[in-house]
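Asks: Chains as they are written, first to last, in our numbering: chain A, 1 to 351; chain B, 352 to 702; chain C, 703 to 1017; chain D, 1018 to 1332.
What the hints contain is simulated information worked out from the structure, not anything from laboratory work. The model shown is predicted, which means the values in this text are computed figures rather than measured ones. Treat the hints with caution; some may be incorrect.
Partial selection, computed: residues in chain B whose CB lies under 8 Å from chain D [to be verified]:
| hint | residue |
| --- | --- |
| 1 | ILE378 |
| 2 | TYR522 |
| 3 | ALA565 |
Calculated Cβ distances over 10 Å to all of chain D for the following chain C residues [what the hints assert, rightly or not]:
| hint | residue |
| --- | --- |
| 4 | GLU850 |
| 5 | GLU855 |
| 6 | GLU889 |
| 7 | GLU893 |
| 8 | ARG894 |
| 9 | PRO896 |
| 10 | ASP955 |
| 11 | GLY975 |
Subject to a maximum C-alpha distance of 20 Å in a straight line, what follows is the list of computed SDA-like cross-link-like pairs (lysine to any residue) [as the list claims (entries may be wrong)]:
| hint | chain 1 | residue 1 | chain 2 | residue 2 |
| --- | --- | --- | --- | --- |
| 12 | A | LYS129 | C | GLY946 |
| 13 | D | LYS1265 | A | LYS199 |
| 14 | A | LYS61 | A | LYS199 |
| 15 | B | LYS412 | C | GLY946 |
| 16 | B | LYS684 | A | ASP297 |
| 17 | B | LYS684 | A | GLN298 |
| 18 | D | LYS1148 | B | ARG420 |
| 19 | A | LYS129 | C | THR832 |
| 20 | A | LYS333 | D | LYS1265 |
| 21 | D | LYS1148 | B | ARG372 |
| 22 | A | LYS336 | B | ASN566 |
Glycine residues also receive a C-beta, built at the ideal position from the N, C-alpha and C atoms.
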Amino acid sequence: MTNRNITFMTAINEAMAQAMRKDENVILIGTDVAGGAEVDHLVHDDGRYDDAFGGVFGLSKGLVTEFGRERVIDTPIAEHGYFSAAVGAAATGLRPIAELMFNDFVGFALDPILNQGAKMRYMFGGKAKIPLTVRTVHGAGAGAAAQHSQTLYGMFGAIPGVKVVVPSNPYDAKGLMLAAIEEDNLVVFSEDKMLYGMKGDVPEDYYTIEIGKANVVRSGEELTIVAIGKMVQVAEEVANILAKDDISTEVIDLRTVAPWDQETVLESVKKTGRLIVIDESNPHNNTATDIASVVADQAFDYLDGPIKTVCAPNTPVPFATNLEQAYIPNAAKVLKVAEELIVDLKKEPMI
Amino acid sequence: MTNRNITFMTAINEAMAQAMRKDENVILIGTDVAGGAEVDHLVHDDGRYDDAFGGVFGLSKGLVTEFGRERVIDTPIAEHGYFSAAVGAAATGLRPIAELMFNDFVGFALDPILNQGAKMRYMFGGKAKIPLTVRTVHGAGAGAAAQHSQTLYGMFGAIPGVKVVVPSNPYDAKGLMLAAIEEDNLVVFSEDKMLYGMKGDVPEDYYTIEIGKANVVRSGEELTIVAIGKMVQVAEEVANILAKDDISTEVIDLRTVAPWDQETVLESVKKTGRLIVIDESNPHNNTATDIASVVADQAFDYLDGPIKTVCAPNTPVPFATNLEQAYIPNAAKVLKVAEELIVDLKKEPMI
Amino acid sequence: MNKETALWIYQKMNEIRYFEDEVHRTFGKGLIPGFVHLYAGEEAVATGVMALLENDDYITSTHRGHGHAIAKGCDINGMMAEIMGKKDGLGGGKGGSMHVADVDKGMLGANGIVGGGFGLAAGAALSIKTKGLDNVAVCFFGDGASNEGTFHEGLNLASILDLPVIFVCENNQFGEGTPFRYASASETVAERAPAYNMPGIRVDGMDVEAVYNATKEAIERAKAGQGPTLIECDTYRQYGHFEGDEQKYKTEDDPNRDRDPIPEFREKAIKNGWMTGKEADKIEQEAKKTIEEAVAFAEASPLPDEETLYTDIFA
Amino acid sequence: MNKETALWIYQKMNEIRYFEDEVHRTFGKGLIPGFVHLYAGEEAVATGVMALLENDDYITSTHRGHGHAIAKGCDINGMMAEIMGKKDGLGGGKGGSMHVADVDKGMLGANGIVGGGFGLAAGAALSIKTKGLDNVAVCFFGDGASNEGTFHEGLNLASILDLPVIFVCENNQFGEGTPFRYASASETVAERAPAYNMPGIRVDGMDVEAVYNATKEAIERAKAGQGPTLIECDTYRQYGHFEGDEQKYKTEDDPNRDRDPIPEFREKAIKNGWMTGKEADKIEQEAKKTIEEAVAFAEASPLPDEETLYTDIFA
Ligand SMILES: Cc1ncc(C[n+]2csc(CCOP(=O)(O)OP(=O)(O)O)c2C)c(N)n1
Ligand SMILES: Cc1ncc(C[n+]2csc(CCOP(=O)(O)OP(=O)(O)O)c2C)c(N)n1
Ligand SMILES: [Mg+2]
Ligand SMILES: [Mg+2]
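So here's chain A without its partners, still in its complex pose (with noise of 0.2 Å):
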């Protein structure tokens, strides 16, 4: 198993590709996913096809060339026409990776999603099944503003019927992403966007990560940060930050948002006694205040402080640079909260 250092980007295209060349029932379908159809000049002698976009971030480059545009299927601007088919043809035996360019546009996509895909299965008595993935983009920083940045996965997560996967790295987004395509269910798989350059060890073989389980990046006695996504690099940098104060913070990387691993986190906090969320959702009912509130039912009587949720503001996402920096959780906001947390662990005030 060789271990290559590649992209964020490059880890989800390769776990697409490996799962195509698997199973010949799955299908990428999006707008401009590949792009250029009918372009004349895109086409080689030998039949094969050129993208022009390969997706609007260039994610899914290549894959025409190799499966031909019967299995990466440019649409037209339809989102909720390819989503219902996406849904249409997971219920008939296809496999299909169905892109929602950028989450914000859910609101073209969400019926296939909350009342035809998500409780088919159910309202059929259980004699349908959906295997079908949803790749989707999420997260502020790229100055997209108020429609392109918003980080909406707690709307997916809180739909029954629905699994949701957020990745943190190169190594997660691949072997998540094979995971999700081997479900027989819908599991949307939201990228942070700002994630995409993001470099790391990616093995070359085809392996899956556990959907519903989280990842314990850092073994700590003291704090728990519970992190999602691009968030897990601030609840790294911040327990680095405690540490230097030899306060023992162990920080879990969700992984998946839906069904969350509630098994991991609870038993976390029991021995920490105490609980920082990142999530750079909008702050109400998100999976941060979903996390909050089974932890102070079930693990009340552990905890030694407040719970603590950052999230971004209730606001949508602002444009100018300085006030979208604002609007993103960062090392210094939770450091803020930690405070409170942990003044009864520290000798000195540390900001």
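Since the structure of chain A is already known, use the hints to place chains B, C and D with the ligands on it.
Replies: Chains B, C and D with the ligands in isolation, oriented as in the chain A frame:
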């Protein structure tokens, strides 16, 4: 001010009529809000119209007769289109009430709410106002099955720029509807269909109830139950049962679920030290978890026990009557979680 | 159409009608929860189309789906039990009238979401095309649904990908209480087909044979890789939009108001020698019996076990 | 078209072009965050339409909205500052390129959501109609947007309610990297108009006069209560879909590839006596200066105050 004993439905109808009398910019738009458009025999000799439906539940009956088809506008079944139109109309001087017949159809109307109505003011630097009231219907109990019984106000409540109101009785329904229409913001007014027949005393006069303020419907000292909409009845039932055991319960009707009244809830929990939230939403990322999360942060030191949420299970709404009843939170379920909280308060076991 | 087909059609028409009349009565007695939309009056469409489909062809249906389900071969006992919310229902009682389905029979579900079927059918057709199968998918939808954006998206997608799908509109003139002539800027649904570069055919939806013939051509086109067809069937629902509807919007002048596709077909089939009067009588009696048995089956079926509330979420 | 109009058009065309060329350069220097879609090449559409609109008429725009905003009279300094995310931007720097707006000028916003404008424009027209005003609303949209369901819903709604709205398609042949000829089953957007019982007109979108004349008729119809019109303008974008696009999908054969509406109009206007060469030169120079000043203004403007992150949520 005469009080009449009228239904929840009539109270909302009356509110809309009074708002439309008061301000000619108020219009009502939706599928079959009148019904029978262009049916000759429904037009009176004096040019006035009879409605064929008056809303699918008959809630808006009579409004087209008084206000005409220019202000009570039947639409094609095209929710995305007419919700966008409602936003466009709101941005340009009308004060539309737009009906989403069932909140389950949100997948056809989300973008105009999520990306347009809720964000225009912010994105435009304050240079727009969107006085739009979205009337919709939630809740299980009518045998309407998975696609017509969901409770989705939590999804709307997660969106910055949206206020969400959930009335629990006819008096509140009227006052909150009038307040919603007076708002220069997008307000989702979500009605539990199981309350439509509920009767209560309602003043004939025009009055408003402040959006954002909860209502303490019963004072108590030992346990706080926060409930939403129909669940307020469950909370009162539980409070009555606990009272027999000499346990003093405070019941808070949240009234507004976004932004919910943190002050009232926190004050109550600081007094009682115990909290149960009842919310018919599916259990994750909902208003109940949001409340639990804020309390676990802001009132942690006052808590005498775990925070309990009683929600629907994480399943679609089943059709069969027995399953549907098992799905909806009820007094028995609340009492079961209350046990754990009040064990130290009681003389003898209760259930 | 041959004798065998005609007999099958007449049987299914009668099963549907007796089924719906029975559901109407049972609902009146308070034995059926929720919303129920009856198909009575529109039998010629479901049967005219389904007479040409195989088990492995797919259909997507609507909130008014009982007729489609029966004609596609769903178990009638299981349907009746489902509609009553019983354990032996097709969906274990968890779906109800608006979600009757049997994917193994190619019936991808009644659907409580108006306009929910366009894309699903296109997707089923995409499966067929991708797997190189010789099947089709049929999307049933109402005149009201033709104004949803999903109509536009579904038809356009199916057309550009040349998917083997047939869009069958049941134009019963109303979406709830709103007349099609008000809600749609176009006079017919079929005339919208050119916008998607596909044939749009309008047929007498009270005449099984007309539906049958149009469908036959559409299936041939679809299987030849020539893409989708839109067929608009002019029809009429005998009952209200849902059970409980006063129907104040119906008028004396509504076309098809006084027609009934079942006696019409009986007469034509006998005239054409596809069926004898005796055969017809027998079919009617048998259909009646089938439905009576279904009611007995459904009533005898217990309520679902309470733990099934929590099952069938994930595969 | 008269002299005054022609001069106004030529001025706005030049302002747009210099603006976009400048944004292109500034983006290249890394001074503009996010996604930027340039309007250069399509100036004839925005100006040909807007030459006929009053301040109180409304427009809805797209992700490619700078041209519409300039032509509708938005403050150019404020626009440039907005695109750079500065305090003095039209939206206080909170919206950016995709959300440039000025409701008081009747500009209801650039829109990052493709297909987001159809209903908004219908709604603005509903306000006009309900209040009995003598105005119109114009919805600009791309060829790609014509495949969204919102196109269908917006046009149908506007038609059945006879709303004073004009749907102006900027058909630049591509939606991102996907050709219109692939994505749309219809050959033109205009030919979809009959499905909504409205006129559908296809004009040379590189020719201001053609756009102007078609718009004039459409406004007359709208104001006479005859409802909406669909105008398809055949055009071409000079830059990529967004800044950074390699444009691998563009071909030598793309129609309009070698045309430029600005010199074309200059020549025509001079020939028709609407404008002298001297006037044209002067307009060009002034436009250039206007944009240079805008850049200076925007660069000098500070970043927004951090507390504005939290303002403008509720009125
Ligand atoms: C997305 C959505 N919008 C609205 C409804 C409510 N509704 C149910 S049936 C119906 C009328 C449908 O009319 P049509 O498509 O003509 O079918 P018909 O009932 O006439 O068979 C409406 C508006 C719904 N179920 N789903
Ligand atoms: C609902 C939605 N889907 C997809 C996108 C991504 N997107 C932005 S612009 C664009 C192409 C639009 O093409 P067209 O309407 O022809 O406008 P043009 O860019 O050519 O001016 C796409 C797909 C989006 N912004 N919104
Ligand atoms: Mg109908
Ligand atoms: Mg285009």
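Asks: Taking the earlier hints as the rules, which of them does this structure contradict?
Replies: Hints 2, 3, 4, 5, 6, 7, 8, 9, 12, 13, 20, 22 not satisfied by this model.
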